[in-house]
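Work out the full structure, taking the sequences as your base and the hints as a guide.
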Amino acid sequence: MSTASSSISLAPPFTAESAAIKVKKAQDLWNSKVALAYTEDSIWRNRDEFFVGRGQIVDFLTKKWEKETEYKLRKRLFAFEGNRIAVQFWYEFYNADLKTWRRTYGLEHWTFADDGLMKKRHMSGNEISIGDDDRWFKPGVDVDAVEISDVHG
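Counting with our numbering, you get residues 530 to 682 for the letters of the sequence shown.
It is possible that some hints are incorrect.
Listed below are the simulated DSS-like cross-link pairs for lysine-lysine, each with C-alpha atoms no more than 30 Å apart in a straight line [claimed, not checked]:
hint, residue 1, residue 2
1, Lys-628, Lys-601
2, Lys-601, Lys-648
3, Lys-593, Lys-554
I should point out that these hints are in silico values taken from the structure, not numbers from a laboratory.
Now the structure itself:
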């Protein structure tokens, strides 16, 4: 985070600036596979899976990243109000089980505790198979610099 944004509170209530910074911070955390941004009793819905607590989140993410290798994610602020943020996301990964490249895109709805940790995350996403030539987030590419058309976002 830049020096200018380091003095901005990333706890609710959010402003347009703090919500946008929070989204990019979450993107960075996901790309580094960190689950500590969530409350101990955080509630998650990930597509058709429901679970509660940081321990279950870590278990889910551990299994996810065993199968989904070379994972790269981009998030963009969609809306915010008070202690809630909605984001649009796109991510690509290599599916080690299917031996194919995949892209997932969708929306997440987040609710934050007063300390800024996420206490609820609901994700709805669609996943498609892509070829290597169709990948957006190849090694060395800045995920924030990739042009994503209205068709995909």
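Taking the hints in turn, this is what the structure says about them:
1. Lys-628 with Lys-601: holds, 17 Å
2. Lys-601 with Lys-648: holds, 24 Å
3. Lys-593 with Lys-554: holds, 20 Å
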